[in-house]
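Engineer: Chains as they are written, first to last, in the working numbering: chain A, 206 to 594; chain B, 3 to 544; chain C, -9 to 329.
Derived by calculation from the structure, the hints in this document are not laboratory data.
Some clues are possibly wrong.
To be verified - Simulated restraints on C-beta separations: (1) S488/B to N466/A: 30 to 38 Å; (2) E455/A to E375/B: 41 to 49 Å; (3) E375/B to I399/A: 35 to 43 Å; (4) N541/A to D369/B: 51 to 59 Å.
Each residue gets a CB set at the ideal place from its N, CA and C atoms; glycine is no exception.
If you want the building blocks of each chain, they are given just below.
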Amino acid sequence: MKTSKKIAALLSAAVLSLGLMSSFAFAASPIRIDIDGKTITSDTAPVVQNGTALVPVKVVSENLGAEVTWNQVKKQVTVQTAGYRVIFTINSNTYTVNGASKTLATPARIINGKTMIPLKAIAESIGAAVDYNSSSNTVTIKYFTGLTGSLKVSGSTTVQPIMQAAADKLIAQNKGLSITVAGGGSGAGIKDTINGANNVGMSSRSLTPDETSKLNPYVVADDGIAIIVNPNNPVKNLTKDQAAKIFLGEIKNWKDVGGNNAPILVQTRETGSGTLTTLEEMLLNKAKVVSTATPYTSSALLKQAVAKNENAIGFDSVGYVDSSVKALTLNGIVCNPQNIKNGAYPMSRQLYVFTKGRPAGISAKLIDYLRATTCQNEIVSKEGYVPFR
Amino acid sequence: MKLTKVSTIILVFVLLICFSTGSFALSAKDAYKTNSSIKNIIVMIADGMSEDGVALTRWYNSYDAKTGNIDTTKKMALDDMASGLVRTYWVNNNIPGAITDSAPAATAMSTGVKTNNKFLGVSDQKSPLATILEAAKLAGKSTGLISTSQVMHATPAGYSSHYPDRSKEYIIAEQQVYNNIDVVFGGGSKNLADRPDNENLISVLKNNDYNYITTKDGLSGLTGKTWGMFAPVAMSYEMDRTVNTPNEPSLAEMTKSALNILSQNNKGFFIMIEGSKIDWAAHANDPIGVISDVNAFDKAVSAALDFAKKDGHTMVIAVTDHGNGGISIGNSDTSGTYDKDPVSKFIAPLKKAKLTGEGIEAKLNADRSNIKEVMSNYYGIDDLTDAEVAAIKDTKAGSMNYTVGPMISKRACIGWTTTGHTGEDIVLYSYLPGDNRITGTIDNTDLANISAAMWNINLKNVTNDLYKTAKTTFEAKGATVTVDGSNPENVQLVVTKGSNTLAIPENKNYVILNGSVYEISSIDVNIDGTFYVPTEVADLIK
Amino acid sequence: MKGIGVLPVPFRMKRYFYMKLKLNDLVPGIIIRVLSFVAVIVMVFMFYFVFYKASPVLVSSGLKIFTQTGFDKQISDAFNAQNGDPAVTFGMLGLIGGTFFSTLIALVIASVLGIGATMAICEFMPAKLSIFVKAIVRLLASIPSVVFGLIGTITVVPFVEKTFVTVDMQIAYLEYFQMTGRNLLSSVIILSFMIVPTIISLSIDAVNSVPASYREVGYAFGMSHFRVIWKIVIPSALSGITAGIILGAGRGIGEAIAVSMVCGGIGYLPDFTKGFVGFLTPILPLSAAIINKSEAMSVPAVESALFTCGAILLVFSAILSVSAKLVEKQIRKVKGHDE
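Chain A on its own, in the form it takes in the complex (with noise of 0.2 Å):
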């Protein structure tokens, strides 16, 4: 070959080589992805494709307490948070927000098999705030931090100790965010939401036809009844038609259900406590409590006169449950988490908070906190409920 030709054969190699090697070094240096102020871990990579980053949808559920859908046939896949309905078609440059039309310029794609949606278009349709630092080459994205305004939450003291820790934990990590939580009961702050007293509302019951037309109500944790007797009482089980004989008042003896000759002496709560009410939904098919059971206004003063009684019997939340007192297994179904998750303990129940209309803003934010995987693992199963997912 003649030399220059040579040189040029070279020189044309070099600049290949090169330009493959910055390609390389392109796509090798890994893109950061920072939540809330923590670097976010998963078993795939981000993939960046023209400027874009892509993450797996995981990152997205987990992290910011969304719900995932896949559509095999339609090739779609679905984000929904307590505000927002995000659904992206694989390789698709369309997608909608509630509804509404967008465009991407670079769309959702399947990568080695997981489904890759573009993190900027997710986080910002969702209400995130969104900033890329190219120096470290690192995604910051601030979706339960940097939180302004105030908020006013109120219903069932069951929810009660779930929002109050939440909204502890918001509020320390959001300067100008104040949350207030008060109780009242589930029939208050389902009132008090629908009268536009509170922000957000939180209820021990399921919602009727009439209340759910005008709220829109989000699951936030599982929860089992549990039916109390003092520890030194030698029953242990009772069928679901036994227990709720005694609470009718037409058993009144434990030696009819197999313990000592003593009466039963039953406790309860005041008209008005969502606990109350779903008792007599689950148990009694909306019968009352018997008349002469002694009332009380807390399920802590319930609980503390079942302690002190031998003959006592009362029922509360799972989540209230602690050594001082001894919960009967239902049916032979023990009242536990898994057991209230699957619907197989007879007495389980969802605990809700809702907004009036679809949630926005700051209350979308709230719900959203409570529903996602970390609020869930450390909250909700501190306070004694069961994770709902």
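We have chain A; now place chains B and C onto it with these hints.
Structural biologist: Leaving out everything else, chains B and C in the frame of chain A:
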């Protein structure tokens, strides 16, 4: 050589004969014109409307109560559409039944298959059948369902759910909600949130981008998928609606609003619209209820016809599913006088009623002390006997029309032979583009088959696609199939193959594969422990 | 919640006007007059507001309020009522009876104990000790009621149950009511403890203001110490002692928190014809009822019913105040001297 020529000629002859008989057969069935340009199909069902009820209503409309004048030219929107007759019988295990109930009737009209009493969307062997509504959905068309009873009642349920027991309304409601119907209007909100399985279907709808409305004001400016539940159970009769429950829309208002939304789809739509309570009035032998809701139905038909005529690609069918009550103009009291009786004899007593037999119950006070005033002011009866007053006083709540209906019928010489359904052939009302009709005496199953043929759909193929028996399908792929009944209100089918676990919750439009949620474009169905799934679910396990 | 034992302001207005004439400065006089007007208006408004809120139930239940029992079930029915259910009639006889019996019996006990203690403190104790004890008594009178409630739950309730309630009695009476340590008796005991310091406090003041000369007259006549107390000191101090008793009564009927923790929580009307068992019946006095049932207040009917309880309490307090004044006048008339 000669033999071959002869045999060829004979062969050709035979073939010709076969073809011609075949085509004769074809044209006998195709007494209507197959019109492949039909985009939209509107099926309107006036439940339990015997033909004398229509005649009675027309006379009622023609009669001016103040002057006594009769306008014999008064027409109903239905009149021009009358074109044929429909046989309504049902079948169980090859044995026909003469008088059908609404459930097998609706199944016949929606799936093209006759089935057993009380069965909805399933064959008499209890296996699910795809309905014309579901087939339309698969073809990309929009779908709609309207009824004045709760939409979980037999007729609308027969188009949108699959279960061999029409009384299980909460199961039907769950299938309907997850079946992705675009527009649903009617009553029945009680089945959506007050349920034994504690699921809140209203919030499921809201989370799936449905509008959810409960009053007629919600109908104005409506776009997009909507469920309108205007009553916890059934809506009011039209005559009672304006007085007792003015927040409910009329059947015509619901029809117009639905057609507005559905016509946005370029591919077309299918909608079933039911005037449900004509049947209930006939059971009670209450001619006021019949007239009230036949008129309401006719106004809705008028709205549908207007749409069809403007649109040019729409077929409208109006039928009843079966006769009811044996209603007749004339009864045993007119045996000797019928040839001299004027129209006023039968209509004047009816004109005085302002509310139906069901509607007057709301006007009675708690101890029923104002029976005479209420009956006089609202039901047009001034001459109650003491026995009649006592009967009204003792009537159970919700059954008032059963007591007072016969009273006014007697005074108006309206005859009834039964408080149950009847087995006559019923009138077919039809409208096709170009002002065409479907003629002849057809079977109620033909309604489904005719619609399917117009859209080149084979309902049997759709059934095979949407409702495969899960156990056999998955076991054939080498998977293990178990039923998880730990929560009896939400039974699941669990399919395991290798490291893959597929959980199929009953009556939903999603399944869970290895922890991820997959939505499907139809529903899976659990009928007494046997699960049926669409092909797209079967394909999830290789 | 402290008791309501304040004399209505109108009785004091005369004195304020009197004061104005005596003061040279116009401005303080005007301010005081305005403030007293405000106080009166607030008082009047409070009465009006309570009765306004109570009017739906007052009208619909009418006299049945005073003749029927079953309040607890009625609250439950009202709370769970659907549209179209008939309106619930409330019968508060059980509540009124609970308030009446618990306060009256506690008052009798507390009066006897209180007057006796007062005499002991004023007449028989060495001076230094009596100053110390007087201070303690005044302290006791100002302890928050909830503390009494807590102490009651931990000590009185178990005591009553152990001493008076047997398992056989529980079984026998279970179809009528639950017999535990929470009943009329425990309420009476707690209320007595709460009322006694009040009575002692005011009685001490009254006894101390009996002029020494009165006693001297007695001694001069040769009366023994006891006779002097019985015949001279007590009658002279009677108006003050009565004031103390009536104030104590006011505190008793208004006492909500402490009582709600020991009363049993259900508005039975105690039946004394069955003997001592009547004391072991659970009760629900009016003020405790307002606390216990307040979670159901989101329903208008319940809110109105609870305001009716409040209205009845207001009327009782007003009656107490008026009778306090009347008793005072009566005693003055009998005594014939001005105070």
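Engineer: Starting from the hint 30 to 38 Å, judge whether the C-beta atoms of S488/B and N466/A obey it.
Structural biologist: For N466/A against S488/B, whose Cβ atoms are near 37 Å apart, the range 30 to 38 Å holds.
Engineer: Return holds or violated for the Cβ distance of E375/B and I399/A against the range 35 to 43 Å.
Structural biologist: Roughly 38 Å apart at Cβ, these two residues keep to the hinted range, so it holds.
Engineer: Has the hinted range 51 to 59 Å been met by the Cβ atoms of N541/A and D369/B?
Structural biologist: holds (53 Å)
Engineer: How does the Cβ-Cβ distance of E455/A and E375/B compare with 41 to 49 Å: does it lie in that range?
Structural biologist: Given about 46 Å between the Cβ atoms, the range holds.
No hint from the list above goes unmet by this structure.
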